[in-house]
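Peer 1: So the chains spell out like this:
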Amino acid sequence: MTTASSPAAGARRSWAGRPAWLALPAVLFFLVVFVLPFIGVGRVAVAGDPPAGTGTFFDLSVFRPANLLDVAGERLFRSVMGVTVRTGIIITGVCMAVAVPFAAYIHTRRGWVKAALISAVALPKLVNLLVLLYGVLLTLGSGGVINDVLLGLGIVDQPLRLFGNLFAVVFTEVLVVLPYPVLLLLAAFEASDSRHFDAARSLGAGPVRAYLETVIRPAWPAVVGAAIISAVWAVGAFVGPLVLGNPPYYTVAVEVYLRALERLQWVDAAGWAILSVGAFGLALGGANLVLRAIQRRSAEPRGGASA
Amino acid sequence: MSVALGFLRRSGFHLFAATVVAFLVTPFVISLLVSFFPGRSIGLPTIETGLTLDWYGIVLTDPLYRQGLVNSAVVGVLVAAVSLTLALPLVIGLSRTPRLRWLTGAIVIPATVPTVILGMQSLVAFEALGIRGSLLSIVAAHSLWGLPLAMLVLKAAHDRLDPGLLEAARSLGAGAARATWEVTLPLLGPALVVGAILAFVASLNELVMSLFLAGGNVRTLPTVVWPQVRHAVRPDVAAASSILLVVALVATGLAYLLWRGQTNRA
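These protein sequence lines are chains Z and X, in that order.
Under my numbering, the first residue of the first sequence carries the number 1, and numbering increases by one thereafter.
Under my numbering, the first residue of the second sequence carries the number 1001, and numbering increases by one thereafter.
It is possible that part of the hints are untrue.
Restraint ranges, calculated between C-beta atoms of paired labels, are given here [as the list claims (entries may be wrong)]:
| no. | chain 1 | residue 1 | chain 2 | residue 2 | range |
| --- | --- | --- | --- | --- | --- |
| 1 | Z | V156 | X | V1025 | 21 to 29 Å |
| 2 | X | T1085 | Z | L282 | 43 to 51 Å |
| 3 | Z | R161 | X | Q1067 | 47 to 55 Å |
| 4 | Z | G143 | X | I1058 | 20 to 28 Å |
Derived from the structure by calculation, the hints contain no laboratory data.
The structure presented is a predicted model; accordingly, all values stated were derived computationally and were not measured.
C-beta atoms are modelled at their ideal positions from N, C-alpha and C, and glycine is treated no differently.
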């Protein structure tokens, strides 16, 4: 054990031992570029509309909390929230229905096949959204690959209209969201102990049952977590509904974009943004609490609190 | 009977996986193929039509596309630099200050917020500061994504470092700063490059925040391509998209090789 020879040496060691100040630049950046602007959106949401001819987008001399009540009371807002929630649930459901078995498939592969599958899953996250959108437009278009195949096989006489509908929105957004649950589940499955699987097999369980019991069941919190992450991205859906959907499929994100950048109604856009973040934050925060409760319960030793 | 059922089950599983892979990969392959189609309309090149690189020539010589490409590259490099400059001291600081570990979760929050919300708040803040449409505003907004990526990569690499090496340097008389400079930084070298590349790729691929902030001469390539994807599907858009695809894939491949080198060394 060493002792400080002087106050200066002590101060130096304290600096070296706990240099918390090194985190300061990142914390300041986080506050200035993320937290304060979010508060700013909240302030704009309760500001006044700008006086005509001023060239501004809001009037901060006005403080009108009733703006938020006006937005919440709008029939369009409630309807778009409904569309967003419905679309989000469908996207999350499809993602999870694909992600769990696909992550299990990747988990059971080895070598270059596994590496190639992981690369394929990560691809939509590594490239620009526009590349993905463009590819989807060419895949679903009237002269696209799917219609070409269907026409070529004689299954249909006329090209099907595959975009401008819910199918196209879900198709696009599943491509955007799917990498998250698959990679998260894969990480959880990789953490499983393969000896448990072998033990279950030696006790007579078939491969599917053994896999379900020793790999997927212990990873249940990760399954719930993957569903929450998918839902976060699904309710934020923007490019799919805007480019491949139609106004009936527009989500809150699309409406915020249209109000802010095309109609220049910043006060209205800020109100939509704040209310939707609040609503989805509450819903997903609640889901997160449920997840933690599940994790706590699964961490408790079986047989209850008999200890 | 059970052998036949097992075979069917395995075949079904392979077929399912092949369908998912086709679903994930097809849009990108088609986008790439269309960029080589010689006609003025959209189509897939065949032996009869042949291939062309004309659309790439158009994209690389068109002033609007070229400016977008240069802006994207400049913004990407600056985002990488900002992200590393903030992430490296943060990771070192957090590793020695356990009570601040919660900051790791806080810094990742922007990566989970819908990009339209990030765009809206950046729009309001940078308009109020009078810098909306500037390079600075786009770099700052993109760094909201770059910083968490760089931090997570550096943290993973830093956690693998042998603390004995730093202690050895300190016991030989090096101060905290010198030990970090002489020991920690060289060992983190590949992770620094990986973090920079991932932040660069995230910036290169970012569309939504750029839509809210771009303006005047400061337009990134995705914002140049965006109106054409919304309103017209042309082969030059496929070429521009494919350039983004190739740059992102090459950069990510490089990052993967460097990361593998780092983990093998640890």
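Peer 1: Now tell me, hint by hint, if it's right for this structure.
Peer 2: Results for each hint:
1. Z/V156 with X/V1025: 21 to 29 Å: Hint holds: Cβ distance 24 Å, inside 21 to 29 Å.
2. X/T1085 with Z/L282: 43 to 51 Å: violated (36 Å)
3. Z/R161 with X/Q1067: 47 to 55 Å: The hint (47 to 55 Å, Cβ to Cβ) is violated, given that Z/R161 and X/Q1067 are roughly 37 Å apart.
4. Z/G143 with X/I1058: 20 to 28 Å: For Z/G143 and X/I1058 the Cβ distance comes to about 22 Å; the hint holds.
In terms of the numbered hints stated before, the structure departs from hints 2 and 3, listed from lowest to highest.
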